[in-house]
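S.K.: From these two lone chains plus the hints, build me the complex, please.
Chains as they are written, first to last, in the working numbering: chain A, 1 to 342; chain B, 1 to 507.
It is worth saying that the hints were derived from the structure and are not from the lab. It is possible that part of the hints are untrue.
To be verified - Example chain A residues on the side facing chain B (calculated, C-beta under 10 Å, incomplete):
no., residue
1, E12
2, R49
3, Y120
4, L124
5, V125
6, K127
7, N128
8, E129
9, L135
10, D136
11, L138
12, E139
13, E145
14, M297
15, L299
16, T302
Glycine included, every Cβ here is placed at the ideal spot set by N, Cα and C.
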Amino acid sequence: MAELLKIKREFEEFQKEYCCRNREAEENREKENQAATQIQSWFRGCKVRAYLSHLHKKAIIIQKIWRGFTARAHVRQMVKAAYFIMKMNFYEEMAVRIQRRWRGFFVRKHIHNFYARKKYMEGLVMKNELVRRELDQLEELQKRERDCLDMVKEHTAKVYQAQRLHHLLSTKQRGSPMRRMSLLNQQSRCPGVFNSPFRPAPHEMELLLRQVKYQAPTRLASRGKACLLGIPSSTSSSFPATLGSPLIKTSRTYSSRPILPPIGNKKQQGLSREAGEAWEQRLHCRELMLCLQTSYMHLEETQNQLRQLEPVRLRETGSTPYHLSHGSNSFPHPAHTGKSFR
Amino acid sequence: MSQRHVVQVFEQYQKARMQFVQTVADLANRPQNIELLQNAGVMSLLCPLMLDVVPSIQHTAALALGRLADNSEDLAEAVVKEDILPQLAHSLASQNRFYKKAAAFVLRAVAKHSPELSQAVVACRGVDALVLCLEEFDPGVKEAAAWALGNIARHNAALSQSVVDAGAVPLLVLSLLEPEMALKRIAASTLSDISKHTPELAQTVVDTGAIAHLAQMILSPDTKLKRQVFAALTQISKHSVSLAEMVIEAEIFPAAMSCLRDPDEYVKKNVVTLMREVVKHTPELAQVIVNCGGLEAVIDYLGNCHGNVRLPGIMMLGYVAAHSESLAMAVIVSKGVPQLALCLSEESEDHIKAATVWSVGQIGHHTPEHAKAVATANLLPKILELYMNASSSEDLQTKSKKALKSVLQKCTYLPSLEPLLYEAPSNILKHVVCQFSKVLPHDSRARRLFVTSGGLKKVQEIEAEPGSPLQEYINAINGCFPEEIVRYYSPGYSEALLERLDDYQPA
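Pulled out of the complex, with its shape left as it was, chain B reads as follows (with noise of 0.2 Å):
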């Protein structure tokens, strides 16, 4: 009787604890409650908990600190001050799949905050429990080894490096093989966080063959997978040249294109972001992406969408339009310049102007005919507008300034230039006047068009100083001019003739 007794008394106590955990599980998933359950002193209740007997409690346990850790940076730091963290590494490798994967959540809750948590889980020796469960069968365990491994990594270099140090990239890769969904995509992500920091990471990435299997997953139907596999292509080939046309080998880019037409946005965003690092080390890379018609698909992009994504898009056409002159006149052939110019309409952010700004300028200053696409977009009155605005912020008015600069010094469409004579401040005036004294000389209908519009007069108006080139500019115009015309246009001539009426003594 008495055994039966004692019996009830520890199972109502097991039920006791069960009840407890999986309430505290249930209650830590709205974050509304987080703040009164660290009031309560969960923490302290749950740690003896973890090293239950039963091995439920010992998960559901585990689960609740999860979901506490995730939620709040505070309730992290004190589990790792409550030393749970050693021993959750050390029952890492003992327990079944269950306690596993909790404990591999309760990992990532907490190196997701911060680097000196990530470190703290990494001084554990979290890392190598968490590599071995990358070797275990159940992708469960494995997507949840990898995320928290990705969630380690994504903070600084130091912190990838012990990542890979531990031997982690092999079984990422071959977790990308798997067939399922879930953990493709957290083995994408994490292979991304790894090689974002560093080019000796990313070679380490690709060294174990990671561009192969990525490359195979471009078409796959899955949205989020897409976007991690663009996203880990992106940050391979940031780095170095060889690295980027390691990417190019694997052939994925026309078919990276059919994503560019992806109803999720951020699939698209990272398939541009993905083109703009490509492009952006040598002529050949951009080359090769503009011959399969990637400036075709990327203006598109940015006619369809609007805001912070028309960033990477931007940058990539400015990108390709710098490395040489045929490469800017292919993105003015592909009606480059008519959509930028839409893009600075349309955009308020100042950092995306600035952008938009830099580009049209890499794209207008090669030849007299860049300079003539740019100008006949119209570009040059709203780039002037930008740099004389005081609300524009400092780097906005800095590359508009240059952008001006660059294409004004090439521009030899006079339409285009005569309102920039009007508003231009005096260092921008310059240039615009240089170049009115270098095509006026030889051409007599721009000198008759230059008359009637009152461009001369406005030049007349101009006051520089004797011996600024300035004022040799003028002089150059000037003389293009026969004098009477020069002197009719001079201000104040109308008072000096009417003077010389004053003296003048009928015969």
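Extracted from the complex, chain A is given alone in its bound form (with noise of 0.2 Å):
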């Protein structure tokens, strides 16, 4: 009994037990339900996260290798570029230097030669200098020509002074004739108009006076210095004088008028003809004469016959005149010198 006992009250206390534990596993059930569900939920991380992490990993293997070798690609091309630039650079540079003394030498060859504009410009200064001194020579030249002719000028006018006034000579008056020749060696010492007693020499004039032959004065112009004989004339120049007498003014001013020569050895110029040879041609054949003025109408003549052909003339402006006035130039100039209009 007592094990009976013993079993009821396990029994019971078993039962007790029992409904206790039950009561316990039913208030807990919930909780441990919830921890059971945590747990597992924690653990279902895990594995996930675990999976995941494996998945990164592999990822980041894959974009690892990826990234590397398009990295890689890129370098390998950047390289590629870079090289190809520095080369390009260097052939750039290379043609830089080329065309640098390509351009340099062509434009001294052909288009612009520096030293020879410096030279140039040295060679017009000198050039200037000489052509400054060849002018400051002329001019030289032309200033003593013009001092000449002036001096000239002077002395036939006071020669021609001196011809006039012959007449005031010094001399004095001696009754016999034949004390004349004591006459010049005392004529410095004659009182007169240029020979004063009171100078110690006598007057240019006076010198003058005695030098000049007397000459009755001519109406016609002496055109040239030749015509005055007897002068000492120390300013001898080769030009021909371009004056007549002072005063007698010609209208027209002739260049360079030679001097005629000496009337020497009469030698044949030009074709040797017998004396009335021309005139005879002249008389046959008329439209040959081209140059020679015969007759004293000659001028009257040909106009008269210039008038005939007038007519025809004005109708054509062409060639003829120039015919008639050439031949004009052979006519020597008629000596009367007409009123002059201005």
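M.R.: See the structure below:
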């Protein structure tokens, strides 16, 4: 019995225990459920996390490899490009050097030669100097010529004066003609207009008067200096004087008239002909006579001829005037000096 | 008996007429008598005397008429009105040479006053009659006819054309070959009057071979002939390049320069005018003249003469320099710039100064070398002064401004630019400052000089609108210097420093 009681008590305790435990289990079911859920969820999470991390790592590896690959390709490309650019820069620089040299050469040779220009400027300076000196010399020469001419003019004027005032030569009246020889010796001390006894030496006019031979005054203007005789010309100019005597003005001045050659032996000039041959020719063939002025009325006759030709000539303004005025050149000019209109 | 009386009456009348005409001719020589003669009605009395039976009365009457018409335009018009001209032209063909000379003298005197009177001479067929006279043998007649034709052709192109159409030009060229000096002179002067109007007329003159003959006469000793010859060559060459080239081909140039030392002023002036007209056309022609030393001769000429005659020389230098920079350098090398500076300071007339300023501008505008040559001759302040001077003419001011601008744009010679900083107005100042801003960044010595000479101070004082080119240049200049120096020289800096002193608390 005791055992039974014990078993009963145990059974009751067991039942109580069982109830208690069921009750506890029921009470703890929620909690335990939740705990189990939590554990499971956490475990699942771990699982997933491990899986994800595994995936990550694999993905990282793949991406790492891929990026390395791409970057290396990129770098290779960049290196190629950089190399190419370096080459091109080098080429370009060399090309620039070549072009620089070439352009310098070309411009210097064909377009603009600096040294030639420099030489040209220097040459120009020298040439200028030369020209200036030459012009100075020319000017000097011309001035001297002009002074010469002026002096010659003055001199001839004075000589002409002396000729006109010849009567003022100082002489002394002496009775007997036999003493005339001694007159010349004593002339220097004869009182006269230009020979005052108070002067130490005679006036230059006096000297001129003594030297000049008396000439009757001529009507025509003396064209050349050679006409005036017996004058000591200290300034012997080689140019012919283009002056007449100062009192007769000519309306035309002639340029460089040559001095006539002296009348020496009569040499045959031109074709040698008999005396009357030219005259006969003129009588027989008038048209051939182009250059002889033989008749006094030649001028008027030719004008009449021209007037007859006039209506023909007025229609054509052409070549005939040349021919006629060419012929006029060979006519000597009339000696009569016409009245000037100026 | 009665016959002798009758004859005596006629002789007395003839003597009276002759005396009247000769006295009138002598009186007409003096200009103060002209008025009195005109009032006394001399014209109506002389006209019938021109138709007189006696030839010597005819030509003395013509001579008197010519002298009267020469001295007064009214009388010339009266001559035209009285219808004497057709009759003169008609009788020109028939009479003796004294009458022809007198008639040509009348035509010349009438034609000289105005184009209308010349037109009247042309209308009465005077030109044809004069051309007939040119074919005469007597050189006096030719001279009178040529002079009359010259007076007609002088006025305008249409009258010249009528002279040329009458066939005068070949005859004139032939008269150039005559030995008489006066005839040569007049022929040359007429050719120059004809060719001065248009290129076609000049071409007509050249086609008859005038240039060769004119070129031969360059070295003749007669002064007036040389004047006319050079004037004729000038008028021919001024029209076109081909004409100028033909004149140069006649090889006058080294020889013509000897005439630049002639004692006569007008010969020299005409030679220089010829050189100017030739040089104007192309650089090659200018090169020809420069190569035979023409520049030196012209510069000497400028040195020796004064006044208005300098103008062609100055313009010649300008034209030479305008063509290319090597020619401008040639002008500089021949010492043209100091001479031009002298001209600028000596001359007082505005048009000469304007020409000088223009020439200087042409010389200086090519490269910095040229601008430096101009600047070292101290010309820039002078030109600036001319520009600023209110009494200069407008033409002078415009030319000074242009020249100044063109030279300044190439000038890198700083010492000469500095005076301009102080005086120039803003439109010129802009260029000056621009040049400084170009040069200063590269040259340290110039910067130092700029600071010590007070240029930087002046630049700071310039007021400019922000954004304008002037302000940009000023900024560029300020950028060349350290900031402290710029601040030191900026206006009002001392006041700013003093203000800072007021606020300063010693520690």
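S.K.: Each of the hints needs a verdict: does it hold here or not?
M.R.: Tested hints:
Nearest Cβ of chain B to the Cβ of E12 (chain A): about 102 Å, over the 10 Å cut. The hint is violated. Hint status for R49 (chain A): violated, given a least beta-carbon distance of 65 Å to chain B, over 10 Å. The closest approach between the C-beta of Y120 (chain A) and any C-beta of chain B is roughly 8 Å, which is under the 10 Å cut-off, so the hint is satisfied. Nearest Cβ of chain B to the Cβ of L124 (chain A): about 6 Å, under the 10 Å cut. The hint holds.
Here the hint on V125 (chain A) is kept, as its CB sits about 6 Å from the closest CB of chain B, short of 10 Å. Taking 10 Å as the C-beta cut-off, the interface hint given for K127 (chain A) holds, the closest approach to chain B being about 5 Å. Interface restraint check for N128 (chain A): the shortest CB-CB distance to chain B comes to about 4 Å, inside 10 Å, so the restraint holds. The interface hint given for E129 (chain A) holds, since its Cβ lies 8 Å from the closest Cβ of chain B, which is under the 10 Å cut-off.
Interface hint at L135 (chain A): satisfied, since its Cβ lies 5 Å from the closest Cβ of chain B, which is below the 10 Å cut-off. Given the 10 Å rule on beta carbons, the hint for D136 (chain A) holds: about 8 Å separates it from the nearest Cβ of chain B. Restraint check, L138 (chain A) versus chain B: the minimum CB separation of about 5 Å is within 10 Å; hint holds. The closest approach between the C-beta of E139 (chain A) and any C-beta of chain B is roughly 4 Å, which is under the 10 Å cut-off, so the hint is satisfied.
A cut of 10 Å between beta carbons decides the hint on E145 (chain A): the least distance to chain B is about 8 Å, and the hint holds. The beta carbon of M297 (chain A) is not positioned within 10 Å of any beta carbon in chain B (closest approach about 13 Å), and the interface hint is therefore violated. With a cut of 10 Å, the hint placing L299 (chain A) at the interface with chain B holds, because the nearest CB-to-CB distance is about 7 Å. Annotation: interface hint on T302 (chain A) holds; nearest CB of chain B at approximately 8 Å, less than 10 Å.
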